[in-house]
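Those sequence lines, one after another, are chains A and B.
Sequence positions in the first sequence follow our numbering and run 1 to 283.
Sequence positions in the second sequence follow our numbering and run 284 to 349.
Do not take every clue at face value.
[Stated by the list, open to error] DSSO-like mimics (lysine-lysine), calculated; alpha carbons at most 27 angstroms apart, straight line:
id : chain 1 : residue 1 : chain 2 : residue 2
1  : A       : Lys168    : A       : Lys142
2  : B       : Lys346    : A       : Lys90
3  : A       : Lys168    : A       : Lys125
4  : A       : Lys249    : B       : Lys314
5  : A       : Lys150    : B       : Lys314
6  : A       : Lys139    : B       : Lys314
7  : A       : Lys90     : A       : Lys107
Hints are computed from structural coordinates only; laboratory data are not their basis.
Given next are the chains, with one letter for each unit.
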Amino acid sequence: MEIPYTVTPRRETGLYNGKLGIWLFLASEVMLFGALFSSYVLLRVGAEAWPSRMLSLPLGVLNTAILVTSSVLVVMGWTALKLRQFERFKLFQGLTLLCAVVFLGIKSVEYRQKFNHYEVWLTDKGLEEFKAAHPDHEKWLKPPGVIPGKHSLTGHLADGRSFYDHRKMRANGDKEVVLTPDSIKPAGGEHAHPIRLAAAQIQRLSAYVPAHSSYFAIYFTLTGLHALHVIGGILVMAYLWGPGSRMWKSEPERFTNRIECSVVYWHFVDFIWLIVFPLFYLL
Amino acid sequence: MPIKALHIFFITAAFLLGLGLAAWAGDAYYKTGEKGYLVYAVGSAGSGIILFGYVIYFWKKMKQIK
Numbered sequence: 001m002e003i004p005y006t007v008t009p010r011r012e013t014g015l016y017n018g019k020l021g022i023w024l025f026l027a028s029e030v031m032l033f034g035a036l037f038s039s040y041v042l043l044r045v046g047a048e049a050w051p052s053r054m055l056s057l058p059l060g061v062l063n064t065a066i067l068v069t070s071s072v073l074v075v076m077g078w079t080a081l082k083l084r085q086f087e088r089f090k091l092f093q094g095l096t097l098l099c100a101v102v103f104l105g106i107k108s109v110e111y112r113q114k115f116n117h118y119e120v121w122l123t124d125k126g127l128e129e130f131k132a133a134h135p136d137h138e139k140w141l142k143p144p145g146v147i148p149g150k151h152s153l154t155g156h157l158a159d160g161r162s163f164y165d166h167r168k169m170r171a172n173g174d175k176e177v178v179l180t181p182d183s184i185k186p187a188g189g190e191h192a193h194p195i196r197l198a199a200a201q202i203q204r205l206s207a208y209v210p211a212h213s214s215y216f217a218i219y220f221t222l223t224g225l226h227a228l229h230v231i232g233g234i235l236v237m238a239y240l241w242g243p244g245s246r247m248w249k250s251e252p253e254r255f256t257n258r259i260e261c262s263v264v265y266w267h268f269v270d271f272i273w274l275i276v277f278p279l280f281y282l283l
Numbered sequence: 284m285p286i287k288a289l290h291i292f293f294i295t296a297a298f299l300l301g302l303g304l305a306a307w308a309g310d311a312y313y314k315t316g317e318k319g320y321l322v323y324a325v326g327s328a329g330s331g332i333i334l335f336g337y338v339i340y341f342w343k344k345m346k347q348i349k
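With the hints as constraints, model all of the structure from the sequences given.
Structure follows, in structure tokens:
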């Protein structure tokens, strides 16, 4: 039995099956991301302190440029199909896939950097001891950003481990941690020499993971969900670029419609990034 | 929404983001004097102009396609 309306639009909706399906799917996606963007707004408005400049702006800008480029390329691929230029379509679709993979690669680099980067909040007594032991402490002490009124130190653990925190420190019975702190003044300067912090001086220690703060919780949720959508887009577009492209020989119109649906989806994924980028990297 | 309109909508959003980033970076440069922000401001404004030119090109190109 032949399925109707895979190529020609249905009279009642003016859309063929695939296009109606992708728009209904995107409507549900709008609700999903809308809920998360609402959560971001509520968390931020309700927070006494909200961190800023926690992410790498160059990497964020680069990823934005890559996704915008990929949207242009994916439309050029669809245009090539409309003009019956199958080889050009293959080229543009391949380049789109390359952009998507590079985007994920850069995102994974960003994630890895966060998992190795720590913030340490000292107890009141520990802070006094730290200031007494390090007359140049102003170079390293970060203004309050997560816990209101609490200065902190940021940096890397000398042994380079990831996903360590104050709970594991206490459970392991570790007596101290060795931190290579970030220089705050001047910002982004070279790491200073490692400093030893006694376990008793540490109130809280966390990598830049979701448990660090509401900021990183919503950051990883939104960007992680977005990355999953990018992976989904890669799978679909790779199929249409590879084995699925055989349909072009037998049913070119239907294949072009499939590509059109993937283009609509890819624009949605990229549009979400255009909202995510300023929320986390600029504001 | 046809692809043509969707793509123009998306590129317009990217264009506005480029202008917004240019304004943000310009403001940061004004406040801090760091030359890196100036690079962002000029680069973003430049990319905004490129996107604007691309939308016009795309609009003309789409007239060839039914």
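Structure-based check of each hint:
| no. | hint | verdict |
| --- | --- | --- |
| 1 | A:Lys168 - A:Lys142 | holds (24 angstroms) |
| 2 | B:Lys346 - A:Lys90 | holds (23 angstroms) |
| 3 | A:Lys168 - A:Lys125 | holds (22 angstroms) |
| 4 | A:Lys249 - B:Lys314 | violated (60 angstroms) |
| 5 | A:Lys150 - B:Lys314 | holds (25 angstroms) |
| 6 | A:Lys139 - B:Lys314 | holds (21 angstroms) |
| 7 | A:Lys90 - A:Lys107 | holds (26 angstroms) |
In summary, the one numbered hint that this structure violates is 4.
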